[in-house]
Every structure is written in structure tokens, then in C-alpha cells.
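Use these hints to put chain B onto chain A, whose structure you have.
Top to bottom, those sequences are chains A and B.
Numbering of the first sequence is given in the UniProt record's numbering, commencing with residue 1 and proceeding in unit increments.
Numbering of the second sequence is given in the UniProt record's numbering, commencing with residue 1 and proceeding in unit increments.
Possibly wrong hints are sitting among the right ones.
[Stated by the list, open to error] In silico DSS-like cross-links for lysine-lysine, where the CA-CA straight-line distance does not exceed 27 Å: (1) B:537 / A:397; (2) A:537 / B:433; (3) A:433 / A:397; (4) B:397 / A:433; (5) A:537 / B:397; (6) A:433 / B:433; (7) B:556 / A:537; (8) B:537 / A:433; (9) A:537 / A:556; (10) B:433 / B:537; (11) B:296 / B:246; (12) A:433 / A:537; (13) A:397 / B:433; (14) B:537 / B:556; (15) A:556 / B:296; (16) B:397 / A:296.
[Claimed, not checked] Listing some non-contacts, in silico: residues in chain B with all C-beta distances to chain A over 12 Å: (17) 9; (18) 15; (19) 132; (20) 146; (21) 177; (22) 180; (23) 198; (24) 225; (25) 240; (26) 398; (27) 472; (28) 507; (29) 514; (30) 520.
Hints listed in this document are in silico derivations from the structure and should not be mistaken for laboratory results.
From a predicted model like this one, the values you see are computed outputs, not experimental measurements.
Just so it is clear, CB atoms sit at the ideal spot from N, CA and C, and this is done for glycine as well.
The chain contents come next:
Protein chains: 2
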Amino acid sequence: MPSLLTRYVPLLTWGREYDRLTLTNDLIAAVIVTIMLIPQSLAYALLAGLPPEAGLYASIVPILLYAVFGTSRALAVGPVAVVSLMTAASLSEIAAQGSMGYAVAALSLAALSGAILLAMGLLRLGFLANFLSHPVIAGFITASGVLIATSQIKHLLGIHAEGHTLPELLLSLLEHLPQLNWPTALIGGGATAFLFWVRRGLNPALRRLGVGTRQAGFLTKAGPVAAVVVTTLAVWGLGLAQSGVKIVGAVPQALPPLTLPDLSQDLLAQLLLPAVLISVIGFVESISVAQTLAAKRRQRIDPDQELIGLGTANLGAAFTGGFPVTGGFSRSVVNFDAGAETPAAGAFTAIGLAIAAVALTPLIYFLPKATLAATIITAVLGLVDFSILRKSWDYSKADFAAVLATIALTLLMGVEAGVSAGVVLSIGLHLYKSSRPHIAEVGRVPGTEHFRNILRHEVETYPSLLTLRVDESLFFANARFLEDCIHRRVADDPQIDHVVLHCAAINDIDLSALDSLEEIMHRLSEMGVTLHLSEVKGPVMDRLRRGALLDHLTGKVFLSQHDAVEALRPAGGETRLSAPSLRD
Amino acid sequence: MPSLLTRYVPLLTWGREYDRLTLTNDLIAAVIVTIMLIPQSLAYALLAGLPPEAGLYASIVPILLYAVFGTSRALAVGPVAVVSLMTAASLSEIAAQGSMGYAVAALSLAALSGAILLAMGLLRLGFLANFLSHPVIAGFITASGVLIATSQIKHLLGIHAEGHTLPELLLSLLEHLPQLNWPTALIGGGATAFLFWVRRGLNPALRRLGVGTRQAGFLTKAGPVAAVVVTTLAVWGLGLAQSGVKIVGAVPQALPPLTLPDLSQDLLAQLLLPAVLISVIGFVESISVAQTLAAKRRQRIDPDQELIGLGTANLGAAFTGGFPVTGGFSRSVVNFDAGAETPAAGAFTAIGLAIAAVALTPLIYFLPKATLAATIITAVLGLVDFSILRKSWDYSKADFAAVLATIALTLLMGVEAGVSAGVVLSIGLHLYKSSRPHIAEVGRVPGTEHFRNILRHEVETYPSLLTLRVDESLFFANARFLEDCIHRRVADDPQIDHVVLHCAAINDIDLSALDSLEEIMHRLSEMGVTLHLSEVKGPVMDRLRRGALLDHLTGKVFLSQHDAVEALRPAGGETRLSAPSLRD
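Chain A with its partners taken away, still in its complex shape (with noise of 0.2 Å):
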């Protein structure tokens, strides 16, 4: 019973080695990232389409769930830009944005991800992430940096703007352009323009002045406070939100309140899908930098843990005011890079972002939403690499063709059309890969006891034995194609009347196979034609006794190939050398 709360409560393995040094370590850690986030909840909430306030409790309950039960030492759990754009999507086709129903449907989100993710973690599902092929989730994290930055570029030059494709966005942009609100174009292209510098400029600007590596790069993080601090004052001291610049407004000064989502069958039925996606995308992005920073340090990740962390957070999101959250790249680096040494770190973030909420919203009332806009397409554009096209082309076409889809159909049809597409042609793909094995038909490399692909090597072979070596285990994916194989093979060619499955390679026979191995041996008896098997491996041999198959096997079943050839051989017959057409 010890171990298994063990297992599902990590806090218990790291908080029993809980000392003064770490603590000093883990506390400088969450001062940095808490002065980082406080600008990008609040951007990410206005991406999410909801009010700032949401932001920040969709980082303090999920950052300390995840810290008890996460086994990530370092990751940072909190709203971030793509699940973000996934939720704006989704909830946009339930309610209008500001309503009471949308932000409701948020939590609904939120709970129901986090149902999702908590089940999959529990039924250790976590391998069902692997089916979403890495060029598919480059490609997707690209178009969607795309659609993010075009959909904040509205909050920059103070206009309307409304869809959730890039057609749809760039031609309601250049509809609305003739209400472009001047003072707000000023302060988000300077706040852009500011913040892009920092990112590019900044850093090797410090570093030549003699500031160290460290410092350099937190001062560098800390520049969207300074566009915070600067556009607000602006704000405030011109008067400018008489002009137009669209401010934060008023936030309430609360800790998070506690929240019901709605949990109604018709709005989880319209949910499900969405929330579906979210998890996975979330899981993936979070499972990736937990694993990255997990080796740094020669720790271990559980995947299967990582989701019953991630589910508690996102419940945790759902009955405090927050929305869908994960496990966020930039936000993790900081907090590893600061030194973090335990998910402690977080907890005390948490704390730092619930005083925040309660003493520092009143601060942030004149803060133009360009500049958090800003703060969004700075971020976001990092993570554009359209570099994933030519590297998958130039390697593989399949993988290409995957890759283009997921970008095309993000950016065409939306986020949620993408990602589906991306899961159903990276598993179409691969069933199709696995449902038709690499079979060579192999032959005797003269003058030893070696068997050889006929395609790549010049090898021995007997006009009425033909041996097929399969590259892979047999169960029912490809064992109809194996039929066919043998099938087309011996049909057409009447000299044959022994054939050999050559079995080193076969790690497993399911069922399926079994029958299909059934249907072989009696198709290629109904041509007089005998099936033997050789080199069958020992847990294959154990399986195919509990079947019938070995009780009226046409053939044998030989040890190795060798004796397979040299018992079928007709005695003198001709031998063929193999005309190789591939070569090594």
C-alpha cells in the first residue's frame, strides 16, 4: 500500500529529502518565474478569449496539483499559447466571447480534459501520445504559431477582427483596417518591435557590457514586465484610453474563486472532441520538455504519472476559475535554468502569482491589450519553423506529405481540423506501413550456410523450393498480405512444391496469423504444394504448440535453414544463381 501512494503521490518520494538548500534554491527559482508569467497569463487568457483574471488562476490551483502530483522536477504548469488558440476555437463555436456561457464552457473544457487525461493516466494509456508522429506536431506547432500571431495582430492596431482560419483572419484584418486606432498601433508596434529586440538584440547587447550568462538571459525574460510597466504608465499619464487604446480594465483583487463547471450531457457531447485534442497536444508538449530537463539532471519522467498529474491540474483549473492548462516550454526552461530543484518550486510560483492576484491586479488597470498582444506574437513566432517541410522532404515523402497536410488544413480549416488530421494520416500511415511487411524471397549465399535477400545478393536457389523470409512478427494486420504473397507467388510459377517461411525475424504469431498460417497450408495443399517452417524462435515455438496448426503441419519444422534446403533439395537437382537487381 506504501509503494502504491508512492507511486501516484511523487511529492512523498522528494518532499522526504526536502532541505534548507533546496529551499533557497527553489524559492529564487519562483521569484524569476513568477515575475515572467504574471504578463503571459494574462496574454494568454486574452488569446483563450477570456477575461486576464483567468490567466492568472489557470496558474496557482494547476501549479500545485501538478507539484503533488507530477513527476516532472522542473516543469512549469500553466496556460500556454497553443492549447490556448485549441480553446478559443472550441469554445467559440459553443458561445460568444465574453459571455457568461463561454467562460463557463471554459471550466467545462478544463474538466473534461482533465477527466480525460486523469483516465488515460490511470489506464497507463500515455503510449496512445506516440501516434501523433513528431513532423506532424512540428508542422502543427508551425501553422499554429501562424494562427496565433495573425489572430493578436487585431488587439495590435486596435481594430476588430474575427475568425479562425488564416483566410478568414487576414481578409476581416484588411476589412477593418479603415478603424485603425492610431495611439494603439504605437504602442503595439513599439512594445513588437521592443520585445523582438530583447529577444534578438538584448541579450549579446549585456553580455558585451559584462553582464554574466545568467543574468543576461533573466533579464532578458523579464523584458515583457518592462513593456507591461512602460505601456501602462504610458496609458495612465497620457490619458490615452480616451483615445481608443483598448485597456485591461478592471480585475477583481480575489484569490481564485471556486468555480463549477457545467457538466451537462449536451455540452460535454459538443466538447468531447475538442477536449480530446487538447489533452493530447498538451500531453505531448508537456511530456517532451518534462523528458528534455528530466535528462539533464539523469532524472526519470513517468508518462503515465505525468497524466495524472496533468489531469489533477486541469480539474484543478476547472473549480477555480482557470481553463485548459499544461505543462508550458518557456516557463519550464526558466524554472530549470533559476535552479528549481522540486516541484516546490511551483508551489511557491503558485503563491507568488495568489498575492499577485490579490494585491498587484489593481496596478495592471491601464495595461493596453496590444502590449500583451505583443508579449503573444513575440513568443509565439519562436516556435514558427517552416524548416520541418524541407527536412521531411529530403527524408522521407511520406513524413513529407503528413507534414504538409497538418499545415495546410491548420492554417485553411482551423486548429482542430489540423491536429485530427495529423493523428488520422500519422496512424493511416503507419497501419498501412504495418499491414504490408517486408518479405524477401532469400537463397543460399554459395558455399556457406548463410540465406540471403535474392534482390541484393547472388545467391543458390532450387526451381521447386521457394523460401520467403518475413521481417516482421505475423498477427492480423499483415497476415491476409501474406496470403496474397504466397498466394501470387506459387500460383504463378508451377515448378514450385515446397515452400519454406523462413521465421528468425518473427517475434510473434497472434491468432489472427495462426489462421491465416491455417489457410496457407491448406491453399498451397489444394496446389500440392507443402509449407514448412525453419529457425522458429522459442516463445514463437511455445505459442504455436497451444494452436493446432503443428498437429497436421504439412511440411516440418526445421532448426535452421540449412537443414531446411538440404532435406528439400531434389538430390541433383539444378541449381539457379540469383541475378541481384538491389544491392547493400
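Chain B only, in chain A's frame:
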């Protein structure tokens, strides 16, 4: 161009070799199959909830079209039990049995199913059917047989009953049992007993009387016709229709009419899922029969062309008053045994049935529905075989779980739920297995250059050198599993300095797996561990050269595992001998 035409129209191939002897054989087979098909077609129309003539119509034009486009020489296409049941189940959600809307929806279902099959054929997606595992199909057919037989009991007893699941059917039968019609029950019970005796007892009895095997077989197949004739005469002679015996009644005396399926978007959307399931199940049943028969004469079946043949057959059914069809098991075997040599036998059967539709329909006016129900029950109980449960339990628990779920869901929730669950479970189990390939830690068999699994053999290893052999191609579904596996092993053992991936069994590495290898290399390098590869196959090496991994690989690529160990083992370092816990 001519080769493309002969590929898509197999008629052009066998038509050229057609001679008088073939014609005679085909004609004899056609007569026998026609006699068998008349009661069967009427019965399956009843099962599908359609008027009896629909069964005849569904057997005429579809057979002709299959004769042109199909690749099997002996397959007989028409209504079959399982597909008829699935048709009834899906149409009952759309319109009431007997209504005009129901019959039109049956045409739409056939059109949609035909279009799906045709599209799959043209896109060469026949391999998709492989993802229905054999045990799942066996379970589904058995459960469907039980459902079909139960659904026909009401006709045997002359009562009403409704439902698409076993509990619904049984409850409804019990509820209506007091309305039992005795004359119907006598006819139904008598016909069922007679047909069971024909199946089990007639053949041996005839053989004892000195009748030849083939003749006895054909007389047995004609049993249903005898039941039809006797019971029709009884109802007519005794005026039983007035005593409440339900009869077939007036059937139009006509060739198949030209009909237009309703192709409105709403209806097609409702029918899409059932049509997909019917297409896949129908295709799987048909291709299994076709391949079994083709093998007996060393002929070849092209699965993708079969899809085209079945697709056009279903489109034909849709436009000539039919319903979904496929290649049937019993009629094809009869056709084959009767000596059919080419699809022309099918065309002659179609002509026979057309004559029956025009000339014989008045004769079946008094045919009792109970006789048709008896025909169906005796036919489908031959399909019921629960031994698949025992067989799969003995062989593999994963297969057993899939079979049990398919049978239980089909009986308790209906055919669509059952077969969907079967497909999802088959693919789910496949994805699960393929996402965790067999990865063995290997060591050297002392005194040799062979490397074997440390769990199965007593082999030499070095504490600073970890060699892992992956027994599968690397691709996105298992790439992360490999990452986790290596990470776990290395994080737990600080003695390790070198990791060698033994790649002899790897046939392909996709872009996701390449990324994973990079990731593994970086993580190992963070821990101060070097990554090497050994025994990389030629084509895989070619592909790796197109990526960036080899340019900055921390370790080396060794031609053989032996070279790797010689180069990496600590000079004079101690070896360990493994204590194998599993033995071949």
C-alpha cells in the same frame, strides 16, 4: 491502355478463352445455383425487412456486374445473412419496415456502400480490411447468427416481436407469446425440423442408398426448395391463410425495375457509418470465400479489383430495386462444386432468376413466411460457433478479450456496436503492441562473436557498456518508447559510459524515430554517455545519411556488434556473466 482495360475488366481476359465445354459446365452450375437461390433470396429480403421481390432483384443485376468486374471465377454475389441483418438494423433507425421510405433507404444504403467499395478499390485500399482480426470476425459472425436466428422466431410462431439486440428480442417474444398462431407454429416447426434433418441426416441417408457424393450434395442443397413447395401447397390446399398463417402474397411479375436511390445529404450522413461497416464486413466475407475457392484451382484474386467488382454490384443493386449485397459463402461453394468455371455461370444464374421473377412469382403467393424463416434459421445456425472463445482463450488473452467484447456487444447492443467495437479493439490492440517493440539487452556468448539476450542466455557483459537490440523498425509509434526505455535503463545505472544500439533487425527509421535518436543522443550526452550504432542495414544507412544524425553522432557506427564491443570495452575491464531468467 489495353492493359489498363484488362486490369479493370477481367471479363476481357476469361472471355477470350471461352469455349463450348466451359459453357456446358457453367450452364449446369447456373441451374443448380438458381434453384438454391430462389428461396434464399426471398428469405434474405424478409430478414432485411424488405418485400420478397427485392431479394430476387438484388441477385440479378449485381451478379451480372460482378461477372464483368470481379476477379473470382466462382463467387456468387447476392444478399447474404449478416449483411441483410445489418441492413435491417441500420434502416430501422430511418424509417418503419414496410414503408416506402424504408425501401428507398435500402437503395441509398446499397448506393453508398457501392460507392465506398468502388472508391476503396480505385484507391487500392483493400488492405484496410486486414484490420479486422480473424477472431473478431469469427466472434461477430457467431453473435450475428444468434441474433438472426432469434429475430426469425417470430415468423416461425406467427407472432409480432421487435428489437435489434438479444435481450430486446427475447423479451418481445415472451411478451407476444400468448398470441401464438398454431397453424404457423406447426408449419414453421415442421419446416425447421425438416431442414435440420436435410442438413444433418439426408446426405448420409442418400449415401447409404447408394447415391453418389455429388448428387447427394445437390439433393441436400435442394431441401429448402422442397420445403417451399410442400408448405406452399399445404397453405393453399388447406386454406391456412384464413387461419392467420402469414404468406408472401402478391409479388410483381416483372424484371428488376429501374430505381433511383435517395441521395439527399441528410440521409447519406445518417447511413455513412452503417454503409462503411456493411462494406467492410461484406468485403471480408466475400474475399475469404473467393480466395479459398481460387486456391483450389491455383487461380488468383486481386483484392483491390474485388472491391471494384463488389462496388459495381452494389451500385447495380441500388438502381434496380435491391439492397446491399456481397459474395455469399454457401452459394459460392455450391456454384464451385457444381462445376462453374467462369463468371458466365453467374450471368446464367442471373438469367434464371430473371425468368423466375417474371414467370414464377405467382406460384409463391401462398408461400408461408414461416418457411422462409426456417430456411434462414437453419442456414445461420451453421455459422454459430462459440468454440472461438475457447480457442482464443487457449492461444492468447488479448485475442480472447477482443472476441469476448465483440460477441457481448453484438448480442447486447446490436450489430453496429459489435462490429465497431471489434474494429476499434483490433486496431487498438495492434497500436498498443506495435508501440512497444521487443527490446533486448544483449551480451556476447563466451568465446564467440554471437550476441544474445541476457535474459535467455549466459553471456558476457561489461558494466560500462550497454547494448540494446531493437527487434522492430523504428517509427513514430515506438520511437518514444525506445527513448523511455533507454532513459530508464541509463538513469538507474551510473556505471554506464557507452550505449550501443544493435540495429540488425531494424528495416526502416522514419523521421520521428530519427528525431528520437537525436533526442536520445542529446540526453545521453547530458549524462556523459556516448551513443553508438552497430550492424545498420544498407538501406537504413542510406536513409540516415539523408538526415543530420550521423554528422554529429557522439559515438561511432560499427559494422558489427563484435567490432563495437572490442572498441568500447574497457582495456582489461572485468566482464560479468549474466544470470539468464528466461530460457528458449
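Hint check results:
no., hint, in the structure
1, B:537 / A:397, "holds (20 Å)"
2, A:537 / B:433, "holds (18 Å)"
3, A:433 / A:397, "holds (13 Å)"
4, B:397 / A:433, "holds (26 Å)"
5, A:537 / B:397, "holds (20 Å)"
6, A:433 / B:433, "holds (15 Å)"
7, B:556 / A:537, "violated (31 Å)"
8, B:537 / A:433, "holds (19 Å)"
9, A:537 / A:556, "holds (15 Å)"
10, B:433 / B:537, "holds (24 Å)"
11, B:296 / B:246, "violated (43 Å)"
12, A:433 / A:537, "holds (24 Å)"
13, A:397 / B:433, "holds (26 Å)"
14, B:537 / B:556, "holds (15 Å)"
15, A:556 / B:296, "holds (22 Å)"
16, B:397 / A:296, "violated (40 Å)"
17, 9, "holds (20 Å)"
18, 15, "holds (20 Å)"
19, 132, "violated (8 Å)"
20, 146, "holds (21 Å)"
21, 177, "holds (37 Å)"
22, 180, "holds (42 Å)"
23, 198, "holds (27 Å)"
24, 225, "holds (31 Å)"
25, 240, "holds (47 Å)"
26, 398, "violated (7 Å)"
27, 472, "violated (7 Å)"
28, 507, "violated (5 Å)"
29, 514, "violated (7 Å)"
30, 520, "violated (9 Å)"
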